[in-house]
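As they're listed, the protein sequences go chains A and B. Be aware that the first sequence starts at 56, since it is given in our numbering, and climbs by one per residue. Be aware that the second sequence starts at 56, since it is given in our numbering, and climbs by one per residue.
Hints may contain errors.
Copies of the same chain are indistinguishable here, so a pair counts whether it falls within one copy or spans any two.
Straight line, CA to CA, 30 Å or less: simulated DSS-like cross-link-like pairs of lysine-lysine [as the list claims (entries may be wrong)]: (1) Lys441 / Lys255; (2) Lys440 / Lys482; (3) Lys310 / Lys428; (4) Lys451 / Lys255.
Think of the hints as simulated: they come from the structure by calculation, not from any bench.
Listed below are the residues making up each chain.
2 protein chains.
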Amino acid sequence: MIKMNQTEPRTLAGFMELLPNEQILFEQMKQTIENTYQKFGFLPLDTPIIELSEVLLAKAGGETEKQIYRFNKGETDLSLRFDLTVPLSKYVAKNYGNLSFPFRRYQVGKVYRGERTQKGRFREFYQCDIDVIGDGELDIINDAELPSIIYTIFKELGFDNFTICINNRKILNGLFESLGQKENSVEILRVIDKIDKIGKEAVIEELTKLKVEKTEIETIMNFIAIDGTSDEKIEKLENLGIENEVYAKGVEELKQVVKNIRLFGVPDNNFKVDLTIARGLDYYTGTVYETFLNDYREVGSVCSGGRYENLAEYYTDKKLPGVGISIGLTRLFYKLNELNLIKAEQKSVSQVLIIPMLEDLEQPIKLATELRKLGVNTEVYLNDKKLKAKFKYADKLKIPYVVVIGENEIATNMANIKNMETGEEKKVKLEASEICKNV
Amino acid sequence: MIKMNQTEPRTLAGFMELLPNEQILFEQMKQTIENTYQKFGFLPLDTPIIELSEVLLAKAGGETEKQIYRFNKGETDLSLRFDLTVPLSKYVAKNYGNLSFPFRRYQVGKVYRGERTQKGRFREFYQCDIDVIGDGELDIINDAELPSIIYTIFKELGFDNFTICINNRKILNGLFESLGQKENSVEILRVIDKIDKIGKEAVIEELTKLKVEKTEIETIMNFIAIDGTSDEKIEKLENLGIENEVYAKGVEELKQVVKNIRLFGVPDNNFKVDLTIARGLDYYTGTVYETFLNDYREVGSVCSGGRYENLAEYYTDKKLPGVGISIGLTRLFYKLNELNLIKAEQKSVSQVLIIPMLEDLEQPIKLATELRKLGVNTEVYLNDKKLKAKFKYADKLKIPYVVVIGENEIATNMANIKNMETGEEKKVKLEASEICKNV
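Same shape as in the complex, but just chain A (with noise of 0.2 Å):
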């Protein structure tokens, strides 16, 4: 009840805001992406949240700028970022001479963009990006690092089953070029993707429509029937006979790519060239990544990027090219733990709960003291309650150990260690060494 002097308690929507339980789940996974990033030696960054509205929309333009939270502060224009690649941009072009190239960062922040709220859809939602930036130019090797890492963080949040899917935007901008319909591309594309709905004669009917000639048709159309293996595949891009120097080249850097991201160790199983990804990202201009949960395909790509021929050209002349991927933690947390698909390690921040059944607490405390010395997560349970409640607490906090400690247990120096998930307890010495070992 809400009386008149008070306000009613609520979350804007599209904001996460989670119980304790699940905001520990969350924790946990994106402690994984940044140690992660970490591992492969990732720089830290943190970058504002409110930018000048003159910088951040430097680029900007479009759907984008319409979702943009821009307000005025004074007589400042001023805007909350809506991903972390344009303060990234803005970050390298101010700091270029401060900075050691190949520039490997990692940032895991919030951004926010005014979208239709909808079920699963957020407003404000985590990054967490890593992008490398060469200095003038950067070695085609980085392209096959990238989905190495990518492979490290969903084996360790518990997935066997996905597919880093691979292309290179060069390939179909350069077959579209060799047949002279770059202006047509975009009506191309649309054909060709409703060919799983349509049928293959009814592709060919359209394209016939479109203007486009039979030669070209046929090539478009041996294209877009290529299959097989991942090698298999770029076997028969360069068997296509199309010349064209883009197309060639995109060819060549897709080999290198997987024939690279093979020595950094991503199995066949979770990787493959896919040449139907990120047709319509005009950011990217070589490399492309998808990532799908091959048993979840309706959570879409769960970590997407490529490579940028430059990254800051709306700052600077500096000719910054890189490559990068993105999770978008927010949305992926929400549908995993939609689908019960999170494997947390931990289920509570503590490890052991002591509880006191005495008034003198020296002991009940000096014991959590040693514990959290020992790398044990500890908490006294401080309040006077009776014991069934200090157990529901437990309990409801999914604190998997309870050591309480009464009169008896100071005398015998001796305590049970309860195991909360099998209720089976164990005696050991009252010493942190002894707890620590059977926790």
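Position chain B against the provided structure of chain A, taking the given hints into account.
Below, chain B alone, put in the same frame as chain A:
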């Protein structure tokens, strides 16, 4: 040089944006604080940065409201959070039925205040908060646990000479109540606070002008003359002859807190009763804390907090007493960094940089993968540069160990680990486990 179609890449004044080497230090401080909060079993919380103005400003007013980042998105009146306490109040009121009490939560996040920009003042800054919220009541012993968490954090951050100052709001409130000077308390305090500047006699004179009676002035002067150890101060407070319930309760609480702080392992060197602190904050109703680095008093309090009677009265009728502390991390980092006082264990993300000097990268990449599995953050220098440039990169990133792998290293299965700080090299077998042992 910025061209016509380019925007100058710049960051708003009052918004901290660090270079990688500093960001690494910042992240370690943040991690130390978070880890310590977790060690004591506090649950993570992550609330939105944007809230409905009506909800966020249910209580606010005056100075705070002027500093708020407030704006409309469509028809909705929104504000950015200016602390983590109001969102906590909302959260607890909203989720009351789903929380276990005492509810112990930590939150580390950015908050926003449009303060006048000046050196060392930030408009976007991290707060690192913990609070313990009781349902209806909360034992005083919780007030003694928090200083032990402050103590643990600043020890972990490498400080020894710091003091957690403790007071209780009820003491001064009760004193003024007993003197019948509740209404004049602000003015009387203003006079008292000048004692170091103007001297005892002048204070008495000014109090007389305020029409405080002679016996009352005597009590006040006795009160502010209280000195000695924490225990002596408490004894003197008890013997001041003030008969007032609130005063007596305050002294008793303070006594309890001091007694129990010792149980929690805080040495007498690192805390003291200080009757002068937190006089201005109306928010707190009992115990109050401020923490000072004694060699750097100019930094101000590095961790403050206290006890409040009712967390969420603007949202709910439930009585929710609590006690909490907050570290203003951004400002603290800024000040410590300026004073060169940040004692970070690691100056780089990567522990090892592998420098391949051959065509075939299989071995270097495999080695890196193995090292990562052993928990060693490892980067492979992937771009084609001269050896000197690669070493310079390791140097600038402060990576402590470098392993060069060329044809010779592969042939002999031996490699040198170079310690970048000392310049020493050590020849070991070219195996992850061997390298791991030596870094």
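Here's how the hints hold up against the structure:
1. Lys441 / Lys255: neither (73 Å within a copy, 53 Å between copies)
2. Lys440 / Lys482: Within one copy only: 24 Å inside a chain, 62 Å across chains, cut-off 30 Å.
3. Lys310 / Lys428: between (52 Å within a copy, 28 Å between copies)
4. Lys451 / Lys255: The answer is neither: 58 Å in one copy and 57 Å across copies each exceed 30 Å.
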